[in-house]
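So the sequence lines, in the order shown, correspond to chains A and B.
Using my numbering, the first residue of the first sequence is number 2, and each one after it goes up by one.
Using my numbering, the first residue of the second sequence is number 477, and each one after it goes up by one.
The set of hints was computed from the structure by calculation and includes no laboratory data.
Every value quoted in this text rests on a predicted model; they were computed, and no experiment measured them.
The C-beta atom is built at its ideal place from N, Cα and C for all residues, glycine as well.
Wrong hints could be hidden among the right ones.
[Claimed, not checked] Here are the computed lysine-lysine pairs in the DSS-like style, where the Cα-Cα straight-line distance is at most 25 Å:
| # | chain 1 | residue 1 | chain 2 | residue 2 |
| --- | --- | --- | --- | --- |
| 1 | B | K619 | A | K156 |
| 2 | B | K619 | B | K601 |
| 3 | A | K156 | B | K565 |
| 4 | B | K565 | A | K655 |
| 5 | B | K492 | B | K601 |
| 6 | A | K605 | B | K492 |
| 7 | A | K605 | B | K619 |
| 8 | B | K565 | A | K589 |
| 9 | A | K579 | A | K156 |
| 10 | A | K13 | A | K164 |
[Stated by the list, open to error] Beta-carbon label-pair distances, calculated as ranges:
| # | chain 1 | residue 1 | chain 2 | residue 2 | range |
| --- | --- | --- | --- | --- | --- |
| 11 | B | L490 | A | V639 | 31 to 39 Å |
| 12 | A | A554 | B | L490 | 40 to 48 Å |
| 13 | A | V639 | B | N568 | 39 to 47 Å |
[To be verified] Not everything, but these chain A residues come out facing chain B in the computed CB check (under 10 Å):
| # | residue |
| --- | --- |
| 14 | Y80 |
| 15 | G82 |
| 16 | Q112 |
| 17 | H129 |
| 18 | T133 |
| 19 | A134 |
| 20 | Q154 |
| 21 | P155 |
| 22 | I159 |
| 23 | S188 |
| 24 | L190 |
| 25 | I572 |
| 26 | N659 |
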Amino acid sequence: MIFQSWQLNLSKLTPLAIVFAFACVFFSVQSSLMGWVLVLCACCFCIALYKALVGTQRRIENRTLNLLSIFCIAILLWYAGDFGLLRTMINLMMVACCLKLINLHRKADYQIVSMTLLFLIACGMIFHQDLTATLFFSIIILLIFAALNALEQPKSSINKNIKDATVLVLQALPVTLLLFIVTPKLSPLWQMPAAKSTQTGLSETVTPGDIAELAKSTDLVFRAEFSGPLPSPDERYWRSIVLDYFDGKSWSIAKQNYDSYNWQAPSDNSNKKYEYVVIAEPTSTRWLYSLDIPEVRQDIGIQNIRFNQRYQLSLDNPLYKQGLYVLNSYPALALTLFSQIQDIERYLQVPENTNPRTQDYIKTITNDNMSVDSKIQAIAAHFANHPFKYTLAPPLMPTDPVDTFLFDQQLGFCSHYASAFTYMLRLAGIPARIVTGYQGGEQQSQSLISIYQYDAHAWVEAWQPDKAWVRYDPTAIVAPNRVISGLIDSLTNGQEFRQEASFAFLLFKDFPLLNEIRLILAEIDHSWSESILGFNQDTQKSLLKDMFGNLDATNMSYVLLGSFILIAIFIGTILLIKSHQPRSEWQKLNQHFNQKLSKRGFVKNTGETLADFISRVKPNLDEHSADTLDQYQRAYYVYQYQSHQNPEALQQIKRVLNRL
Amino acid sequence: MLKKWFMRQKSHWLDKRIPIAQAYTFDVNNTFIMPSIFGWSVIGISVCLFVLGTNYQNNIILLVCYFLIALLLLSLFQSYFYFTRFSIKFNNADEYYANRDVTLRADIQFAHKESFGQLMYRYSKSIDNVINIEHDTLFQHLKLGKFARGQHNLDRLTFSSTYPFGLFRCWTHLAIPFSLNVYPEPIKAALVVNNTEQNDKADAQRLVSSSSEELQGIREYSTTDPIHHVSWKHVAKGQGLLSKDFAEHVSAKTILRLKPNSSLNLELELSKLTYLVNQLSRHSQTFGLELGRQQILPNTGEGHRLQCLKELATFSINDFFTEHQR
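This is chain A alone, in the form it adopts within the complex (with noise of 0.2 Å):
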């Protein structure tokens, strides 16, 4: 069976492996790709995956090919001030693999395409990072690598190609495990373009009505493992972001100031203080979660932490990957620490010629001689003596939204309550502002908490002329249950969420032992997290300290030395036990044959002929141990000369060899 090498003989796996992988990859990237790559992919597919199912083996010609690929580089050009760098690159290799993906004829496009998909998925990567991708990676790769080996062994069934390529992945997989180990992290060697992350999260601008988007969401955003005792539920105050510009409608930052400050926790241990770590999920603001008041311990990787006046922790970028840092908070401490620097009035700005029933409602209620603390018990009476209630679905309120809030509807979502709790406390004179962060969080075990999207909240801060920045939540007045045991709960109507969330995987709480997975399931989602994601050169260093003891140049060496021995001699025992497999019948066979003649003392020569041998030997024999030689030689040529796979002949071998 000859076959000139391009025309391939390929197994029907190959080209649909690739197609398939190629799929998946364009999945995992989409979100950054553009709008005509988008539908040049598609097409792509399609056109691929029927060459792939019907077989056909026409051929575009090269020049057209060609032309496409210059013209697409053109628009790719054009475009990639915009895009930036990384997205660019993403979108020149996936316009490169649809390409090489409608061509694919010799094995060398095959690799191509294969080496690739390989890139594109470390640039998905950069996007997705928890389990489930990873895993969703892993199963791409493994098609890739069986493709691969389809290639190469062509008459093998798909299910053997599956096989030999799962086996030498899994064999690989303690290898890499070792590597990633040992091998010493590096600091970044340049600055990279940032990847944009397109995850959900709270936003800058805050519309009433927007966080109830968020609550329909069941993605995780942090967790946040305690060193010590836990907050309780009513302490869970993420504070994220700080808005301090009302329009009438939304709020806003009004000026967005880099500034940082450093400051130095009490050395006294009478503050209570809680220690943790956060691990955030990638988010699409540069802005972190703390409990107040917050000291950074450890940054995020290189990234350093700011930490504002306003309480808040932020990066110079959007965090586009998972990041760990660890923080201490002092919930005891007032909000003090900027009384003097801080420029208050602008928390007192007003839109004018909006809400008028509300400005005129503060004016009856309250007046100049009243205290800070009276004014804002009048107005907290609003909300207590009206029929309010908690709902995800509030209505519409396209005009003057608080007063139509306060007055008509009476039906909303915390960024309601916390808007019109901040506008009035604004008219009434008293300085205020929204924070918008998370609120509760499910305590996974005794020590770890996860905050999903659901946990979004917004509460107000009002100033203090003595007390600084007090917290108020006008959310817990109507809903108190809302603080306490979360959204779920608080709801007036149950049902709401059910309906609403699009991925329910919430409601496995309904039953107990799904409740269980899924509590398992986050475990083993957090273990990933801290172990592989969270791995840095501080971590490297204690666990290798922990396994070696003090590394200085000479140990680490050493180390290194031991694991690449290590692996030698892993790979040596696998082909070690796969040498020692039985080769063909006919082998086995021969090699008895010889180790039965050089117990007589004659050994085969290499390249020695069988004739040859026995013909040298036989001299040396008695009459009847030469003559079975003859006879092994004439069933050795019957067995050689018929067919290879002649049962018969190889029985009689095996006789004659017995009567040796």
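Got chain A; can you put chain B on it based on the hints?
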């Protein structure tokens, strides 16, 4: 010049490294291994991934990078292991004619459990050909391309494999343990008989066609009879093997002779003679061959035929001229 010198050194080195043998088993002494182009690219990708993973401080990307390195390492040993399961034995039983594809018969054994081997081979500068080893095939036919008439000392034949992922290429250069006699391409021709009795009357020619053979009778089959003389009609009737006996019109002593003036179209004449040698041998006729100085006395049988063909293959025009100058 330098290239020639280099090639000579290389072949010299190879002769010492992989000596000529009847049969080869691929092992550490004759196997070379290097990353393929694809392998080098994957090494390049691993470096890129290391930089990407380090710069983004992304452990998953680093894991993929280490995974690729681990796989490369394993693949290196797997490739070698797989390649050294092959053993090969060349067979010189075929006849090769000029201007026809020469296919060399080789007995390739693959000692690997349940795996279907794939081996590539290449002769001199041709492209890689693929052999799919299946367990029930006896011989592999290796295409070497077309050769001119004559005796050829073959270059080394390159065998290679890129199993399991195409990352590494294992290869070896094997010397073929015999030289190739490429006979002239047979071209159909009418038989021009010069009986030895009328030796000098070169123009007195008699045309004989094989159709003039007349069936003389049926006799018992003897092992020397050609197989196409067996009367299958009788075999079918269950009467055993019987041979058809043909009357030979041509006299027992036929001499095939190269025409004296054929130096211009020597190859054509040799081709015609080759055809006749084969034809006459098929009909078990006795004939001799005279090529310039060389003479092969009339004889019959397979050995005689091969001797004649070899003479035709190696005949050179110089032999012819010296004859006439004399």
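**Prompt:** For the hint on Y80 (chain A), does the least C-beta distance to chain B fall short of 10 Å?
**Reply:** Violated. Min distance 22 Å.
**Status of the hint placing S188 (chain A) at chain B (closest C-beta pair under 10 Å)** = The hint holds - S188 (chain A) has a Cβ within 10 Å of chain B, the shortest such distance being about 8 Å.
**Asked** That 31 to 39 Å hint for L490 (chain B) and V639 (chain A) (C-beta), does it hold up?
**Response** holds, 36 Å
**Message:** Min Cβ distance, T133 (chain A) to chain B: is it shorter than 10 Å?
**Reply:** Violated: closest Cβ of chain B sits about 12 Å from T133 (chain A), beyond 10 Å.
**Prompt:** CA of K579 (chain A) to CA of K156 (chain A), is that 25 Å or under?
**Reply:** Distance ~21 Å between K579 (chain A) and K156 (chain A) Cα, so the pair holds.
**Prompt:** Does the alpha-carbon distance linking K492 (chain B) and K601 (chain B) stay inside the 25 Å limit?
**Reply:** Holds: K492 (chain B) and K601 (chain B) sit about 23 Å apart, inside 25 Å.
**Request:** Go through the hint on I159 (chain A) and say holds or violated, using the shortest Cβ distance to chain B against 10 Å.
**Result:** violated, 13 Å
**Message:** The hint names I572 (chain A) as touching chain B; please verify it with the least Cβ-Cβ distance against 10 Å.
**Reply:** Hint holds; I572 (chain A) Cβ to chain B Cβ min 5 Å, cut 10 Å.
**Message:** For a C-alpha distance cap of 25 Å, please report whether K13 (chain A) and K164 (chain A) respect it.
**Reply:** holds, 16 Å
**Message:** Hint Q112 (chain A) vs chain B: min CB-CB distance below 10 Å?
**Reply:** holds, 4 Å
**Request:** Below or equal to 25 Å on CA atoms is what counts here, so check K605 (chain A) against K619 (chain B).
**Result:** violated, 32 Å
**Interface restraint verdict for N659 (chain A) against chain B (beta-carbon cut-off 10 Å)** = Result: violated, 23 Å to nearest chain B Cβ.
Violation of the numbered hints given earlier is confined to hints 7, 13, 14, 15, 18, 22, 26; the remaining hints are satisfied by the structure.
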